[in-house]
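J.: Sequence:
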Amino acid sequence: MSPAARRRLKAGRGTKHEDDMAEKIKIDGHLYDRLKKVTEIAGYTSVDDFVTHMIEKELTKIESADSDSDVEERLRGLGYIE
264 MSPAARRRLK AGRGTKHEDD MAEKIKIDGH LYDRLKKVTE IAGYTSVDDF VTHMIEKELT
324 KIESADSDSD VEERLRGLGY IE
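If you count the sequence shown from 1, position 72 lands on 335 in this note's numbering, and the numbers rise without skipping.
Just so you know, these hints were derived from the structure itself, not from any lab. Nothing false has been slipped in among the hints.
Below, simulated DSS-like cross-link-like pairs (lysine-lysine); rule was C-alpha separation at most 30 angstroms, straight line:
id, residue 1, residue 2
1, K300, K320
2, K300, K289
3, K324, K299
4, K287, K324
5, K299, K320
6, K299, K289
7, K287, K320
8, K287, K299
9, K324, K300
10, K300, K287
11, K289, K320
12, K289, K324
Using the sequences and the hints given, assemble the complete structure.
T.: Right, dumping it as C-alpha cells:
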C-alpha cells in the first residue's frame with residue numbers, strides 16, 4: 264500500500280474512486296504547479312488526493328468548533344473573513 268493510501272485510510276477516507284468526485288474547482292496555474300511539487304514530495308498519488316486531504320483536515324478543524332462564533336473566529340484567524 265502506498266504512503267498516500269495509508270494516509271487516506273488513516274484519515275477515514277478509504278481509497279479514492281473517480282466517481283466520488285462530484286464537483287470541480289479552478290485553481291490558478293502557478294498555485295497548481297506548487298501543489299503538484301508538494302504532492303510529489305509528500306508522496307501522494309495525485310494533486311486531487313493531496314488537495315482533498317488538506318481540505319478535509321481544515322474542515323475538521325473548523326467543524327470541531329463549539330459555536331458559530333468559534334467558527335467565525337477561526338475563519339478570521341485563517342484570513343478568510345475580516
